[in-house]
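**Q** Just so you know, the protein sequences line up as chains A and B, in that order. First residue of the first sequence? That's -15 in our numbering, and the numbers climb one at a time after it. First residue of the second sequence? That's -15 in our numbering, and the numbers climb one at a time after it.
Bear in mind the hints are in silico, worked out from the structure with no lab data behind them. You may find that some hints are simply not true.
You can't tell identical chains apart in this list, so a pair holds if it fits in one copy or across any two.
Said to hold, decoys possible - BS3-like mimics (lysine-lysine), calculated; alpha carbons at most 25 Å apart, straight line:
#: 1; residue 1: Lys177; residue 2: Lys192
#: 2; residue 1: Lys177; residue 2: Lys144
#: 3; residue 1: Lys(-2); residue 2: Lys192
#: 4; residue 1: Lys(-2); residue 2: Lys46
#: 5; residue 1: Lys144; residue 2: Lys193
#: 6; residue 1: Lys144; residue 2: Lys81
#: 7; residue 1: Lys177; residue 2: Lys193
#: 8; residue 1: Lys193; residue 2: Lys81
#: 9; residue 1: Lys48; residue 2: Lys144
Bear in mind that the values here come from a model prediction, so they are computed numbers and not experimental data.
Each chain, letter by letter, is given below.
2 protein chains.
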Amino acid sequence: MPESLKAKRTPRSKADQRAETLGQILDAAEALFSNRGLDGVTLRDIADEVGVTASLMHYYFKDKVSLFEAVFARRAGITSQRRMEALDRYEIEADGKPTVEGALRAFLDTDFDLYISGGQGWLNYAAFCAQVSNTPDIGARLMDRHFDAVVLRLMDILTKALPPCPVEDLFWGYDFVSGALMHTLARTGRIDKLSDGRCRSEDFEAVKKRLATFMAAGFIGLCTPAG
Amino acid sequence: MPESLKAKRTPRSKADQRAETLGQILDAAEALFSNRGLDGVTLRDIADEVGVTASLMHYYFKDKVSLFEAVFARRAGITSQRRMEALDRYEIEADGKPTVEGALRAFLDTDFDLYISGGQGWLNYAAFCAQVSNTPDIGARLMDRHFDAVVLRLMDILTKALPPCPVEDLFWGYDFVSGALMHTLARTGRIDKLSDGRCRSEDFEAVKKRLATFMAAGFIGLCTPAG
DNA sequence: ATTATCTATAGATCTATAGATAATGC
DNA sequence: ATTATCTATAGATCTATAGATAATGC
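Sequences are here, hints too, so could you generate the full structure?
**A** Rendered as structure tokens:
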């Protein structure tokens, strides 16, 4: 059995080989883009990470932007659908009396659960997502395409959960939620230093516990003039 | 007086000339970095915008990173100091009874006022700031260096304003405020599309009116277990 | 004399393509 | 036969520096 111990050995079907290489490229791109953004990463960086030639990037993807978009598309559809289902389930369960925090928990916690127990790939995607939301044009288009539907679904439930409230307040409230969410997904490490180690960027459990409660109170405070 | 009408004419002292060119470079860099980030902009882009040779960038700045840092430093000191003074004034005025919203208004509104009435330069800086907060290493270091002091000052007043509350909640709350603030400063235009034009990213008055109220309610909701 | 600006250019990438090679598929 | 991967390379930048030129300063 000396053959089976050889270093370079890996007999696979072409389909398997294709799928595996594609996955490795997407994983490497995701990890690199997630902290340097589209312009901070070269195709060679990604190829080196995978251990292949840079020209192979063009065999699998048209160009750098296509690869960037493919990285996003791979997981955006999954999380988007999960959240949509969670919102549907919540609305039924709430039986005509949804609460702001309930809706936000369906929207936010469903997402955090994936990052908490989805392994390194989902953790990288979380930070990548924050980069996307900060990339003009290309990133903005991706956010619209993949997330508009879920966000509008959330807005719909929030409208029912809140006292009569100008629709502008609802949209601004969502903008604040979205900013805070993306910021925490980016895990910049800033809170670690500010809090002298008492909070850690990487601690998604801590964020999950607090974000929906905090934001729900924010919506209610904003929409209830008397305070 | 034909001489005074010539096109290229601009007699200035060397000090003036230096100051003017420096200012133009910083302005152009600020505008460009603010939407494409450190890696999305080349020194040539900046030079072209000013109308000078790319090599002049190296006459005034050591390298690209130094220029990036100089852009940030130019205005970060000003806004940081303004907010620090506003917090000091607020604490005196509150006479031992500060409120969460009062502290946040001193911190946030003071900033927005600058963006609202500071002209195009401050508007560009606002978006640039969001880029900085998203640039790993270099940007993170800049945020720490210029903003830690004001943030800790704010935290100090918030502690006095809130009911007894775990310090972790306070830091996470600030993290949410910071994320929402940076996101609105970036003015991605996403809210415009989501809200079908009813809210506009560029409308800092609308954000100023809502952000402190929303976030104050969030802090209180988070620190008051009963809800 | 000193300083602001430009010209020219080195050296290092970067993206993208064409064409060769090596492996799987029938 | 087809597909995955590599080698080689074109063409375009990009950063940074050296040295020339043109303007202000005494």
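**Q** State for each hint whether it applies.
**A** Hint check results:
no.: 1; hint: Lys177 to Lys192; result: within (20 Å within a copy, 28 Å between copies)
no.: 2; hint: Lys177 to Lys144; result: between (40 Å within a copy, 22 Å between copies)
no.: 3; hint: Lys(-2) to Lys192; result: neither (42 Å within a copy, 57 Å between copies)
no.: 4; hint: Lys(-2) to Lys46; result: within (20 Å within a copy, 51 Å between copies)
no.: 5; hint: Lys144 to Lys193; result: both (24 Å within a copy, 24 Å between copies)
no.: 6; hint: Lys144 to Lys81; result: within (8 Å within a copy, 36 Å between copies)
no.: 7; hint: Lys177 to Lys193; result: within (21 Å within a copy, 30 Å between copies)
no.: 8; hint: Lys193 to Lys81; result: within (22 Å within a copy, 29 Å between copies)
no.: 9; hint: Lys48 to Lys144; result: neither (43 Å within a copy, 51 Å between copies)
The earlier numbered hints that this structure contradicts are 3, 9.
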